[in-house]
Amino acid sequence: MKLSVEGVQKHGALAVLALVTLVGLLAFPGFRTVDNAGTLLVNAAPLGLIALGMTFVILTGGIDLSVGSVFVLGGVVAAWASQYGFVAALVVPLLVGAAVGLVNGVLVARTNMAPFIVTLATLLGARGLMRAVSTEGSTTYLVESQPFKTLGNGDLLGVKWPVWIAAVLFVAGSVVLNRTGFGQAVYAVGGNTDAARLMGVPVAATQIRVYALSGLLAGFAGALNAARLGSGVTVLGIGTELDAIAAVVIGGTLLTGGAGALSGTIAGVLLLGVIQNLINQVGDVPTAYQQVVSGAFLAVVVVAQTSLTRLRSVAPV
Amino acid sequence: GKAEETGGTGTDNAAAAQQTASAGPGGGTCTLQQYGGQKIDLKTAKVGFSQSEKEANPFRTAETKSIQDEAAKLGITNLTVTNADSKFNKQIADVEQMIDQGVQLLVVAPLNSDGWDPVFKKAAAKKIPIITIDRKINAKHCTDFLTFIGSDFYEQGKRAARSMAKALDNKGTVAILLGAPGNNVTTQRTAGFKDEIAKIAPNIKIDFEQTGNFSREEGQKVAEQLLQSKPGISGVYAENDEMALGAVTALKGAGRKAGDVKIVSIDGTRGAVQGIVDGWIYGVVESNPRFGPLAFQTATKFFAGETVNENIIISDREYDQATAKDGLAVAY
Amino acid sequence: MLEAIDVSKTFPGVRALDSVSLSVRPGEVHALVGENGAGKSTLIKVLTGVYRPDAGELRLAGERVRFATPQEAQRAGISTIYQEVNLVPLMSVARNLFLGREPRRRGLIDTVTMNRVAAETLRGYGITGDVRRPLGQLALGAQQMVALARAVMVDARVVIMDEPTSSLEPREVETLFGVIDDLRGKGIGIVYVSHRLDELYRICDHVTVLRDGRRVHSGPMQELPRLKLVALMIGRDVETVRSEGVTGFSEESQVADSTPVLKATGLRSRHKLHGVDVAVRPGEVVGLGGLLGAGRTETVRAIAGALPLDEGTVEVAGRPVRGSTGAAVKAGIAALPEDRKAEGIVPGLSVRENIALAVLPRMSRAGIVSEKRIDEIVTRFMERLRIKAAGPDQPVGELSGGNQQKVLLARLLATSPKVLLLDEPTRGIDVGAKAEVQSLVDELAGQGLGVVLVSSDAEELVEGADRVVVLRDGTVVAELTGDAVTADGLLGAIAAAAEKEVEK
Amino acid sequence: MTAATVEKPKRLTVHWGRWLPAYGVYVALAALVLVNAVITDNFLAWENLRIQLVQVAPVVIVALGMAVVIGTEGVDLSVGAVMALAAAVVPIYLGYGAVPAVAMALLGGVVVGLVNGGLIAGVGLQPIVATLALLVAGRGIALVISDGKLKEIRNADLVAFGNGELLGLPYSVWLAGALTVLVALLVRKTVFGRQLVAVGGNRPAAQLAGLPVRRVLIGVYVLSAVLASIAGVLAVARIQSSDASQVGQLYELSAITAVVVGGTPLTGGKVRVLGTVAGALLMQLVVATLIKHDLRSSIAEMVQAVIIVAAVYAARERGTR
Ligand SMILES: Nc1ncnc2c1ncn2[C@@H]1O[C@H](COP(=O)(O)OP(=O)(O)OP(=O)(O)O)[C@@H](O)[C@H]1O
Ligand SMILES: Nc1ncnc2c1ncn2[C@@H]1O[C@H](COP(=O)(O)OP(=O)(O)OP(=O)(O)O)[C@@H](O)[C@H]1O
Ligand SMILES: [Mg+2]
Ligand SMILES: [Mg+2]
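Residue numbers (my numbering), protein chains in the order written: chain A, 1 to 317; chain B, 1001 to 1332; chain C, 2001 to 2504; chain D, 3001 to 3321.
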């Protein structure tokens, strides 16, 4: 069988996921339950959406550190807007997220500034904005719209809505990446920006779009999360962006851009969730060790993947 | 009201255990029957404890340890402890997962008061009693959760204000070192302090409010800036002891003398109480983290069919020049 | 068809184009020639919307146009193959070919059709194999053919080719000329940039000569004698050029019958090399011949320690060299990479830093570099190789391709090597510089260096080399020595090897 | 420069496109000082300036290492965790005296640097991923070592190191100054410095030119980690307590911001040491200004965002079109 570089990378993450899941299934009865699977998936959904957008950004060779802040901001404005009904609760966070993403995109595409630093600035900016609309974070808006709550907490065929939504968006994202001109542009910009420009790819427009998409999805993830929690929590904790980046990288997408796939990102997101779940299954692991385990795990997966890729590069075509 | 002795005996720090202050105004009551749960034996029960933040600062260390020690003392062998590492979504996932695993009693130190819908939905279906400690959860009593055990943060702020008013003789300018933004504790300790100052000492002006994020280093940095831009400041209200200790280091660095600037803070850690003894801190309002005995006692009562109050507010000590020396023995 | 009128373009510190005009008619192959740094690539980038001209205007079919992006130029029917291969290495061959104009089915890209058509199209250019593999896995020449196919696939009105043959094999050059003839027949205008004069005279109708950013001549190709063309390019009179000659290689070099300075034996690397032996004696120039993908580059890289070997040894002056680039450099091996942009220059660093790069430890005491000693070598080599730059502190990325190549050569020579490995040393270099480089190679060999020369230019190879080792699929298939070192001999050897392959 | 090499001196006059990236940060810094001199009470007081220097010192030290790493087209996200690690190690060995304790902390830095460098240069991981793993794991290890508890530091030598003074300036500031000079010399004058920018400018080319690429990369990450350890020790000595969960929090972002604002591009191949110091000072003064004027954190954060964008916009490399 012929495998492309991408192929091995994404299957690498899936293979590790399968392995870890298998170990979990065998070792922990508590891991084997349907309830546990549901909990795992629904909690992974917001990170999944953020990582989905992040994958697009990273494929163009960029990075988006602002997603964590936008996620929180999206949740807060969604809860606030829910007093005006379901549609407002859904649309406002999308608009706000997309707006922040647009700022990122325009700055990256038009000013030749490094995405790392641009989005680091908007990380601060979006957090400031979130605090500004919540009286320095002290006001927690409660979700007023029942349909909106259902979007976060209801289920279809036993699977929660956020999980369905994430699944559908991942499939859609895959189609966009592989089967549309925009998707090709994303890979081309990340693979070789200069060449892409010379080949007539609208580089700036592509960059603007991926950051806007990333912001939009982070805002949406925030909205879904608020719908589920029933309020616009302001203290969701920092570091969501690093989790998303880790998930994408574990999924085999090159941080330098140009190669990767969404199936890998799903595997990465689930892998982070499974690890966390397994640590909890063990029961009494001190926090400090949890971090050591997560860090070491990240290193091991990525090292394994890099080695796989290298093996691949000397194999015959 | 007068405190009623409820603390467990036999711990190395019996005198330090929490005491209930009141049943909490306006709170309802709840029984096992009303809650709809099942009678269980705590010893063999599966118990889950969800901690919100890393056990690095003395408060969290003492809190988790207290729960674990008490469980061990009661012979509870099946205790699961999770730590959300200050990530709210992780805490929700942690608790949901513990419910999936079949815990029969949940003790939660919530990171945030709102946002617990998914947990309640899941817990209600299985009728699992939830005891929240140190921070309240905004939810329906006796349906969503059993009881809240903890301090009244607003009241803590008010007590700090009274202490400050006394220290400054009702006049002067005061700076607030705020806790982490968005945190309920920050919000209430700030509101209590400001309201009380406005009421009892209108001549005290609050001139500066910056966050020190509950951390010693940031507290120190902010205090250093403060001392340069407002050298005439007469008091500093730190919303936790760590920031107060940072402010002390800043004062020392700026060549100030002990007692120059009156510092009042909340928590009651040993370091801060020592600070009073050394003369750098004026007063400390305690926030007692030793929830273990009270929490399990409440659970025992509940499963025995007795009535449990919605709010069990503990009485917090206060340390000042007079009580600090002795207080060192009970400070955590 | 396409016209540029009085176009000027200034870069920080350099006036790259000064009131240059160019006019391409339908069905005409228009040669654009000039020394390295004359402004050819810049003019092309102005024509195709990469750069905005500071002054002057562009006309397409008589109408004034302005391209803000390459995309707009492409939409207007200007198709370009840029000097450096500009494709996306990580994307598949087919996706590269179709990027921006993929076949659709119900709004989505039809990958099946795309791959099928790509395979068919590329077969016409001599590229077989799976079109779904990443483009980066193709040899440079094959990538160039993909770029060519891509440029020609659209309904272009003008096709611009900036040194398209620099990484092509003779066989592929023929393919290219076939394509050009086709295009000419269809009335498409072609701008053709090349330093290979033979090619120009073979296919071009018209010629425009640039020198130092100015147009110095424009007229029918055939009316301009070769010597006059060279004289125009380098700005000297015909007589001087005649007396100096055009090729830099002198007739005979004397090779001492001594022990080899370089001895590589049994080089093996999975899928790339299958036992290659090369030995070079002091003063000898050994050519490596073969078709595209024969393993010449890999051989050179293996000797230079840049390709991990499964088996085989490399010895310099009898001493074994451990397989790393550092050890190789220390042992006296200096390698000029095939891909100047990717593996040669450090574009952000100055000419000075680039030249001194490999010899820093030698130019230092206790880890502290001696600026004085660096200045000495930099001055020496900039003069000796006549490197054209605003000064030693200009970033190398701003130099023209040829001058970048010279900077690299200077870096190699600064290490006082015993063995020089030159992979396509004159690729993209103008006639003047080419002769300089060639005579330099001769001179260095004369001083007792061993030289390994890889060149796709058969002429250059046979003139420059004393002996030619012919490779195919990573093994040595023939060796030409003495009188057998001729272009015909070389082609014959390659052809014989190919036939053997077919028989098998 | 010799005449022979300059065949066509076509250089024009001073070009803003080159000047601004190189010196923009100093202009911004000067402007901010001027503004503060007018609007902020006591700003020009020596005590105040001293406090700013003291507060910025650890950031500067970490940023110096970060600048060097970024010069190789890398990034080191683990610096904050390394600071925590140093903070955790110090109290353990403080019983043997301040010097052995500090030595052990630095040794810890060397180990982390070797791991980072090994993962990047040896295994070939992308720097951001390798150091992300250590960001997570490093702080975890620090917490494990320190048993997750805050420890008070009472060792007189160490406290003196954190708060003592020489000629009116704290040791920490002298130390940051000395390290700046050393790193500047390292980058400009030494073989290692030249090699590291070449590695950042074009790694395959450096490799082919025979440069010891791995050694350079490992060296750079070790340097960064050791500098971060020094900053960690300094932080501990200054706040007189060791809290592995707090020390160094988000320092990686402050350091990267200082480096980039100072005009070093994230794409490598260039290191501006003095610019980095100026960048750190600029961000320090911005924060100080916002605190002194008691702005709410929401506003303060948005203002910081705008200033970072503006500073980096001015310092960016301009493309030619
Ligand atoms: N981006 C740039 N910035 C500054 N100077 C540049 C830039 N690009 C080209 N130049 C300068 O413009 C002049 C013309 O360069 P150009 O690449 O057009 O030459 P060329 O004729 O294509 O040479 P070659 O045959 O070597 O490819 C050179 O002096 C070069 O140094
Ligand atoms: N990763 C790889 N897997 C399989 N084959 C490869 C790989 N990399 C290179 N090759 C093949 O190895 C062969 C040798 O390539 P090499 O670049 O050495 O050829 P060359 O003779 O130098 O050609 P050129 O004229 O392009 O320089 C080619 O057929 C190339 O396609
Ligand atoms: Mg050119
Ligand atoms: Mg080759």
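Worth double-checking, as some hints may not be accurate.
[What the hints assert, rightly or not] These stretches of chain D come out as covered by chain B in the derived footprint (C-beta under 8 Å, 3 or more residues): (1) 3029-3042; (2) 3136-3149; (3) 3207-3213; (4) 3239-3250.
Don't read these hints as lab results, they were simulated from the structure.
Quick caveat: nothing in here was measured; it's all calculated off a predicted structure.
Every residue, glycine too, gets a C-beta built ideally from N, C-alpha and C.
Which hints from the list above does the structure break, by number from lowest to highest? Of the numbered hints given earlier, the structure breaks just one, which is hint 3.
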